[in-house]
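The listed protein sequences derive, respectively, from chains H and P. Mind the numbering: the first sequence is residues 2 to 764 in our numbering, read in order. Mind the numbering: the second sequence is residues 2 to 764 in our numbering, read in order.
Don't read these hints as lab results, they were simulated from the structure. Among these hints, one or two may not hold up.
Same chains, same label: a pair holds when it works inside one copy or across any pair of copies.
[As the list claims (entries may be wrong)] Listed below are the simulated BS3-like cross-link pairs for lysine-lysine, each with C-alpha atoms no more than 27 Å apart in a straight line:
1) 117 / 277
2) 277 / 72
3) 693 / 199
4) 401 / 94
5) 643 / 133
6) 397 / 622
7) 72 / 351
8) 401 / 622
9) 547 / 476
10) 72 / 622
11) 253 / 547
12) 254 / 199
13) 94 / 194
14) 94 / 122
15) 730 / 122
16) 12 / 208
17) 277 / 253
18) 476 / 277
19) 613 / 339
20) 106 / 46
21) 476 / 545
Number of protein chains: 2
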Amino acid sequence: MRNLFEIDPWKIIETNFDPNKQKQAESIFSIGNGSFGQRANFEEKYSGPSLQGSYVGGVYYPDKTRVGWWKNGYPEYFAKVLNATNWIGIDIKIDGEHLDLNSQKIKHFHRELDMKNGLLKRTVRIEFNNGKELEIDSIRFCSMAREEVAAIAYSVTPINFSGNVKFTPYLDANVHNHDANYDEFFWIEDSKKVDMQKAILCTRTKKTNFAISTAMRYSFWEDDELLQIHPNIAQSDFYVENNFEHFLTKGKKYTLKKYVAITSTINHSEFDLVPKAIKRVREAYITGFDKLKQEHQAAWANIWKSADITIEGDSASQQGIRFNIFHLYQTYTGKNAKLNIGPKGFTGEKYGGATYWDTEAYCLPFYLKTADPSVARQLLIYRFNHLDRAIENAEKLGFKEGAALFPMVTMNGEECHNEWEITFEEIHRNGAIAFAIYNYIRHTGDTDYLTTYGFPVIAAIARFWAQRFNWSEDKLAYVMLGVTGPNEYENNVNNNWYTNYIARWCIAYCLEVNEMSEIKTAHKLDEREINKFKHIVENVYFPKLKSTQIFLQQDGFMDKEQLNASDIPRAQRPINQHWSWDRILRSIFIKQADVLQGLYLFEDHFSTELIKENFDFYEPKTVHESSLSPCVHVILAAKINKLEKALELYLRTSRLDLDDYNHEADEGLHITSMAGTWMSIVEGLAGVRILKEGLYIDPKIPQPWESYSFQIRYQNRPLAISVSQKNVKITNLGKELLKCQLKGIDIEILADDTYTLELNQAQ
Amino acid sequence: MRNLFEIDPWKIIETNFDPNKQKQAESIFSIGNGSFGQRANFEEKYSGPSLQGSYVGGVYYPDKTRVGWWKNGYPEYFAKVLNATNWIGIDIKIDGEHLDLNSQKIKHFHRELDMKNGLLKRTVRIEFNNGKELEIDSIRFCSMAREEVAAIAYSVTPINFSGNVKFTPYLDANVHNHDANYDEFFWIEDSKKVDMQKAILCTRTKKTNFAISTAMRYSFWEDDELLQIHPNIAQSDFYVENNFEHFLTKGKKYTLKKYVAITSTINHSEFDLVPKAIKRVREAYITGFDKLKQEHQAAWANIWKSADITIEGDSASQQGIRFNIFHLYQTYTGKNAKLNIGPKGFTGEKYGGATYWDTEAYCLPFYLKTADPSVARQLLIYRFNHLDRAIENAEKLGFKEGAALFPMVTMNGEECHNEWEITFEEIHRNGAIAFAIYNYIRHTGDTDYLTTYGFPVIAAIARFWAQRFNWSEDKLAYVMLGVTGPNEYENNVNNNWYTNYIARWCIAYCLEVNEMSEIKTAHKLDEREINKFKHIVENVYFPKLKSTQIFLQQDGFMDKEQLNASDIPRAQRPINQHWSWDRILRSIFIKQADVLQGLYLFEDHFSTELIKENFDFYEPKTVHESSLSPCVHVILAAKINKLEKALELYLRTSRLDLDDYNHEADEGLHITSMAGTWMSIVEGLAGVRILKEGLYIDPKIPQPWESYSFQIRYQNRPLAISVSQKNVKITNLGKELLKCQLKGIDIEILADDTYTLELNQAQ
């Protein structure tokens, strides 16, 4: 696999413009700030293949469901994040000819994503068809310091001529979703106003009635001197612009500094929407580009301080891990409980930008260990706020008494997905949501959350499981029929081990929390429920392979033809692109960790030998055709000392999008699986575990690496871990004594102190 | 359940016009002749709710597939029969006011479907808003004697006035399919020509390029006197008409006799299409309405002679069974191997008018026993002609070496259906197609067919099964994973007993036929295949219930909550309208005969005790939410002497549409299940079996009936069976000695002789 772009520890760099890579690059060089995001489209006109994409968090449209054969219980619509007003636009024209990288000669091209500072930069020298050469320098960012603000400094320098150049900064809301079931246009125009050097454009979604107000201002500079200009103003449907011609002197640099504010009814009343956008853009304009940039960079520095992972000795891995961390923080910052983490973040439209179980299973551990607990808490509150909808959803499917089934895909708590085998059957998601609460509690010790917000969710989920199990007279045990496990290459199976296990765990955890005196009486389980729950916990059936410690993925698993992924001819990989669905289903091949997902989550319930036996059984059968799969395998491989396997799978996950392994980066990045990459290092190689009982660290380091280091938070106290081929250093960055277990040794570290363990001695 | 229309042994009669019943009536009173068919829409304008429907056999459009989430192997389109040119239209206007039963006062209404003669008749007296009363008498039919011809005699009699009335006979091809995935219009206009008292309109399907030519001529009569008229001619897009005003004398009857010919490129070259339509309509015109009607009635008389069932003592059952037989013969006559039997015939658009396994499993036995063997043979040839497509279809799914998977739904051999659990998994259909050949052979003794056309199909199907089974190291047997059995309330199950059984039977039958010396060497199985097939036949796994003779529907069946259909609250029936799909799937409830379907097909492999044990186990769990279900239960119930149960289920199937049990007759009738109703009597109550070994008859008669009688064919020899409460009479209508077993007694009957068995003695 050749690298798609150049390797640099802090940057993604592209020095040869290839129109065939433009859509991939637009995804990979995307910028965002947790509130909104923007693909790396060019500011100026571009006539080549491109996916123009600007997305505002939380603003969605209920796109009428498309279905071949309707089944009872299917949702009416799929709520999807919307491609919104294009705010980056600055058109350039010389002698009537548009600047357009697709139709002119490119003499020099440099695009870079500066991940340290959160900047998208571009330098291009272009020759117009009349021979005039222009250099473009642009820098843009979505401010991490001001969540409704973005800014662009767009400079042009005439290289071999002096003459007129026409500048057209604009806002354009004529944007159609690439992902629309019936090619509908989702927006209506609310209002617009355009004046000299400023404009505002307000649009509103059909049906959902979300309004977005996008305001712009700009200034125009010759080198460092502010110029007075007298632009023309123009407007049309869903569109506002300024345009002006200016005489440019050869060799001088002319910069258009464009400031943008985007407000939405997610955060503002209808009344405030426009004034706030005008206020924000005015503030930004007055603050000025450089100062805004400094603020933004400072915010990023603060994130990197606690979230960075450094890797010495492998610059591809270094770049890969930072790329993942960077995009995660661009997508979600935890400032707003109405937002969540779409599988593609703000980098594309696939999967509708909605919330999946990815959030709880993959992203939450990342934010728990790298950010203030309030960030993870927002993710939990998001689901808490959807509890009533989850109860309604379960009622629709025939459940009673306050049982809740959280949706597979959602924007507002209502289910969006409509494949029966997923929507109705991939119910393990409910378990991940309960486990996330448990995980949050053991990371933060925030038992107030548990008793006030956590328990109602846990109890509703436990009630669902208790009804979803049924007693088998044949097995004299509780069974769970007709489910789809995390391995979506099996549908409608009976007794998926993972689902049965997490379901039983939920019921048991609910019983445990129910005992806490802080739980309100009104919420408590009644006697009948307690007895039923206990009976289930004691009598759940789990499929096992005779005379081994291997848990079977589901009933009948051993009836399959016993093959390994290596038996599949190369030309038939990935099988999901080459095989019919039934062939995939009846084959033994596993899309993503399933039994192993359970062993990962509940690792402390099982012996290392058992984990090894299961890993050796399942890993060879796993085709990793989900981006969420390799990380779990990395973590378990590291645990059982298969470091080579761990590294192989780590590389696959960390540069998945950067090197576009699956040829789909053009559609957007795998944001949620990026958290898995981070977990691969922290929980995998570094062996960090935060269990109820405490903090455990068991680091390993693969051969090619010299060292790696990172910070985590444990019970809201920061510590730094650094692992080299020689030793492990743990630095207590907090103010209190830190206790943990390092490679089986109980240690205590004073505030600001560092504990060093020489690895040769320890191993 | 109240009867929807009046009871009469030979007629369906409606004497009170109810606009709310119009769409049901349009289905129930439909007429057709195996080549084309027409819903019972009114000739004149009707502004109330109506489904205008005119369908031409074999003419289909590949409607782009609608799917929520695409899976590899899904077809690109769903081929559906098209709503074609409306040829019945005759508009009537008085003083500018349209005759329209929805907006005028109906003083008398009588509609009847005369099943004996194949006529749709209507008499209506209507009062126009200006007080003028008109009586309408219409008779129409699709000629059973001339497969491209239809005729209407439409009479009006002014009751209380003399005055001008305007007549507008027309052809209108502005017809949209009710069933269209994207509301597309499927037709283009090819040509049209309209002249005095004649017109022709040619339309062509988009994409598939089928052309249809519809020609009309008409004459106009005052009582028995032919009138000269000078109509205006008019045309517009997809439309041609004549119109003329005529002064009508009070009390006289004015009749417009409209003759129509419909030719299509199914049967004619592009070149012949128009001339043939013109020729056919001219011939019909010259022949005249009365003569055409006589021919048509004679053709029906001929059908009834061998296909009728008479029932004494229960006129509702009598009407019901004739209604079923009538619609079957209207739908399929066996004249054309390009045609087949859509689940709704020509009575509606649901299911796309395409071919399902219904044909082989339900319709074939009907035609085998009531019609010349050539009729059933055409149905087999239809599939034989699709063998190459079935092989391609299997290849698409990953099968090799000439394995064939016939489609779930098709018009041309290509698969149309796109639910993975059906399309890829409901593969038992393949077994029904092989069994149909076997069944044909044992009914007809036509071994030439077997060796020439039958074997290639059987071998290709057997090859499919041999690859679809896989060896289970766990069970040390061949298993079949991931299938959907006839009971579609289970999806993606392992070891569906029915599928395993019919698959093994196919392979065994293939081995047997392979031994026949007449099989061409090129077609024969090779040694490797023979050995593999034999190994499979000896080692297939079948799920069974311990210490019983009960075959389990599939692996894990006993893990379900063990309930009976009677446990479902009435308000939740049918469950497919009230329960989510996953709830249906994990429940024990059975949509239609599954294990019992196998016991029905292979009854001679099992003891009556075993059948009884399985029936008693499965019948209470069956909700019969497929129209194809009750008949199989009737047959088995009769066999095990549960006559009350048999009659209860018989009544449910025989008047399903006539009394519209499922509130869906408006969409069309359940044509294919009508054959099951016929089987309920002949194979069920009368206990007729045609096995390889010979003809077996074991008649029973339910209490309410005095007697019933019918004819069948056995080895192409006709016989009549009559069963009363007292005796059974078998009459040999053929020319050779007839041998059979009657209630366990071997008997021989000379030609034209009758054997009588007194029932008191025999029982």
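Status of each hint after checking the structure:
Taking CA atoms no more than 27 Å apart as the test, residue 117 paired with residue 277 passes in neither setting, with 30 Å inside one copy and 80 Å between copies. For the homomeric pair residue 277 and residue 72, neither the shortest alpha-carbon distance inside one copy (45 Å) nor that between copies (46 Å) is at most 27 Å. Proximity of residue 693 to residue 199 under the C-alpha cut-off of 27 Å is found in neither arrangement, the shortest distances being 56 Å within a copy and 90 Å between copies. Within a single copy, residue 401 and residue 94 get their C-alpha atoms no closer than 65 Å, and across copies no closer than 60 Å, so neither meets the 27 Å cut-off.
In this homomeric assembly, residue 643 and residue 133 never come within 27 Å of each other (Cα to Cα): the closest approach is 59 Å inside a single copy and 96 Å across copies. In the homo-oligomer, the alpha carbons of residue 397 and residue 622 lie at most 27 Å apart only across protomers (24 Å), although the nearest pairing inside one protomer, at 37 Å, exceeds that limit. In this assembly of identical chains, the alpha carbons of residue 72 and residue 351 lie at most 27 Å apart whether taken from the same copy (24 Å) or from different copies (16 Å). Proximity of residue 401 to residue 622 under the C-alpha cut-off of 27 Å is restricted to the inter-copy arrangement: shortest distance 24 Å between copies versus 39 Å within a copy.
In the homo-oligomer, the alpha carbons of residue 547 and residue 476 lie at most 27 Å apart both inside one protomer (16 Å) and across protomers (13 Å), since each shortest distance falls under that limit. When the C-alpha separation of residue 72 and residue 622 is checked against a cutoff of 27 Å, the pair qualifies only between copies, where the shortest distance is 22 Å, while the shortest distance within a copy is 33 Å. Proximity of residue 253 to residue 547 under the C-alpha cut-off of 27 Å is found in neither arrangement, the shortest distances being 79 Å within a copy and 91 Å between copies. In this homomeric assembly, residue 254 and residue 199 come within 27 Å of each other (Cα to Cα) only inside a single copy, at 22 Å, whereas the closest approach across copies is 81 Å.
In the homo-oligomer, the alpha carbons of residue 94 and residue 194 lie at most 27 Å apart inside one protomer (24 Å), although the nearest pairing across protomers, at 59 Å, exceeds that limit. For a Cα distance limit of 27 Å, the shortest separation of residue 94 from residue 122 inside one copy, 21 Å, qualifies, whereas the shortest one across copies, 77 Å, does not. Taking the shortest alpha-carbon separations for residue 730 and residue 122, neither the intra-copy value of 37 Å nor the inter-copy value of 97 Å comes in at or below 27 Å. Within a single copy, residue 12 and residue 208 get their C-alpha atoms no closer than 41 Å, and across copies no closer than 52 Å, so neither meets the 27 Å cut-off.
When the C-alpha separation of residue 277 and residue 253 is checked against a cutoff of 27 Å, the pair qualifies neither within a copy, at 36 Å, nor between copies, at 83 Å. Proximity of residue 476 and residue 277 under a CA criterion of 27 Å is satisfied in neither setting, with 64 Å inside one chain copy and 70 Å between copies. When the C-alpha separation of residue 613 and residue 339 is checked against a cutoff of 27 Å, the pair qualifies neither within a copy, at 41 Å, nor between copies, at 60 Å. In this homomeric assembly, residue 106 and residue 46 come within 27 Å of each other (Cα to Cα) only inside a single copy, at 15 Å, whereas the closest approach across copies is 68 Å.
In this assembly of identical chains, residue 476 and residue 545 lie within 27 Å of each other by CA distance both inside one copy and across copies; the values are 13 Å within and 15 Å between.
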